[in-house]
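Enquirer: Sequence:
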Amino acid sequence: MAELDSNRKQDDLTWLENLQRNSWEPEIIITGLILAFLFIFPAKIYEFAAYLVQDIGTGFLLSTLVLFYLSTVISVFKIFFIVQLSLRFVWAGLLGLSYAFPKGVNQEKLFKTAQGYSYQHPDEMVLRMEKICSMTLAYPVSISIMILIFTLYLGSLIAIKVFLNLPFMAIYAFFIISLMAFAILMASMKKNKFKKWYSQTILSSVGATYQSNIGKWFTIWYGLVVILLSIPIILNDVKGFNLFFNEISVSEADIDWPISEFYFEDVHPEEKRYPRAYAQSQIMEGSSYKLGIPFYVDDEKSIELLNVKFQNKLDSLSWRKIEAMPDLYQIYIDEKPYYPKNWLPLKSSISGQKSFETILYLDSLESGIHELRVEKVMVFPDFLTNQLKFRYLENWSNFKFLKP
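Numbering (the working numbering), first residue to last: 5 to 408.
Just so you know, these hints were derived from the structure itself, not from any lab. Just so we're clear, the structure is a prediction, and the values are computed from it rather than from any experiment. Every residue, glycine too, gets a C-beta built ideally from N, C-alpha and C. One thing to keep in mind: the hints can contain errors.
To be verified - Restricting the straight-line Cα-Cα distance to at most 30 Å, the calculated cross-link-like pairs of lysine-lysine (DSBU-like) are:
| id | residue 1 | residue 2 |
| --- | --- | --- |
| 1 | K276 | K313 |
| 2 | K116 | K200 |
| 3 | K113 | K82 |
Unchecked claim - Using C-beta positions, here's what the derived DEER-type ranges look like:
| id | residue 1 | residue 2 | range |
| --- | --- | --- | --- |
| 4 | L65 | E370 | 55 to 63 Å |
| 5 | L65 | S90 | 20 to 28 Å |
| 6 | D367 | S160 | 53 to 61 Å |
| 7 | M184 | L65 | 17 to 25 Å |
| 8 | D127 | F154 | 26 to 34 Å |
| 9 | D127 | S160 | 29 to 37 Å |
| 10 | H125 | A185 | 49 to 57 Å |
| 11 | L239 | N311 | 37 to 45 Å |
| 12 | Y157 | I224 | 36 to 44 Å |
| 13 | Y157 | E256 | 21 to 29 Å |
| 14 | I33 | K305 | 45 to 53 Å |
All chains, full assembly: derive it from the sequences and hints.
Expert: Given below as structure tokens:
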């Protein structure tokens, strides 16, 4: 029986060694597939964050936190796997070198200034690079487990915030306190049941293996460098999301230099959502002009509150009676008010965005450049206290168009 167990153990070790030698094949396949997925995913994250703001009503701050967090995760993994694939490229080159010149450096054929030095053998370089490649792939694997747990926890807090209608600061404070409590527990020198259990997990074991073999500070600095390298990618992925901050007017910079794809259908990607008022094109065709207003679930909540609690505010602005969601908006063309006769509720079959659309009849408008401005009134909860506040937005949306 003992001999049988020994043979089985030896077979397992042989299988493992063979698997380790050929690990480069699944590494390249896995890295390639994950990279392809990671370059598609940021657009989905952006749309998910916009969906949280518009259709779920989580609030801009919480949705921005989700967007930055998920963008950081995706960008960091992009850097990890790009480094991994680049190292495999170097490994493939060294492998070809070892095949073409198995004996390595021929000292006699070198220039005299390069003779007499100890050069690495091609086989040694291949083996060393093989270990580096395998080590580089295992690092993000260990982080992915921690990120998965962290993401599930963050998702649970968001669900609680939405269902119980809690203020953002309550969830944020609980989130920060829980992270600090976990950090203090893990930094404690005393052993406890939780730390004993955690030390036996894959996440802890992989981290300890790295720290004990390549250095604890190297492991930390490697992760920090990757995060720093990912910052430009993160900033690019979240560009323009400030326009989904429904509770504020657009900035002067956005008015002077608007991002055209957010305002005009003819240059707008079909899978993306509109944050503010949008039109069919920057150049008018004919005498009519189609205009759309995106749906925000918080606007639906504002209608009754405005009529009941803030009627005096509406009267001071000479605002018309608010009966439906489009009544929250007032359209101006060249600073002259325009009152559409009706609004058509629509839902995009591609992006899933809800919106209201109307036709502006502008026969009397002269040829040239014109400004379309949208004012808005709304009620929103303060992110600290959750108390309701009235907001009048003079430039909720603002863009220029051309009538030929």
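Enquirer: Taking the Cβ atom of I33 and the Cβ atom of K305, is their distance within the range 45 to 53 Å?
Expert: holds, 49 Å
Enquirer: That 26 to 34 Å hint for D127 and F154 (C-beta), does it hold up?
Expert: Given a distance of about 42 Å, which is not inside 26 to 34 Å, the answer is violated.
Enquirer: Do the Cβ positions of L239 and N311 conform to the proposed distance bound of 37 to 45 Å?
Expert: Hint holds: Cβ distance 42 Å, inside 37 to 45 Å.
Enquirer: Has the hinted range 36 to 44 Å been met by the Cβ atoms of Y157 and I224?
Expert: violated, 23 Å
Enquirer: Would the hint linking K276 and K313 be met if the CA-CA limit is 30 Å?
Expert: Between K276 and K313 the Cα gap is close to 35 Å, so the pair fails against 30 Å, i.e. violated.
Enquirer: Assuming the hint says 20 to 28 Å, is it satisfied by the Cβ distance from L65 to S90 or not?
Expert: violated, 37 Å
Enquirer: How does the Cβ-Cβ distance of D127 and S160 compare with 29 to 37 Å: does it lie in that range?
Expert: violated, 51 Å
Enquirer: Has the hinted range 17 to 25 Å been met by the Cβ atoms of M184 and L65?
Expert: holds, 20 Å
Enquirer: Sort out whether K200 lies within 30 Å of K116, counting only the CA atoms.
Expert: Measuring from Cα to Cα gives roughly 60 Å; hence the hint is violated.
Enquirer: Please work out if K113 and K82 have their alpha carbons no farther apart than 30 Å.
Expert: This hinted pair is violated, its Cα atoms lying about 43 Å apart.
Enquirer: Given the range 49 to 57 Å, decide if the beta-carbon distance of H125 to A185 lies inside it.
Expert: About 53 Å separates the Cβ atoms of H125 and A185, which means 49 to 57 Å holds.
Enquirer: Could you tell me whether the CB distance from D367 to S160 stays inside 53 to 61 Å?
Expert: holds, 55 Å
Hint compliance for this structure: hints 1, 2, 3, 4, 5, 8, 9, 12, 13 are not met, and every other hint is.
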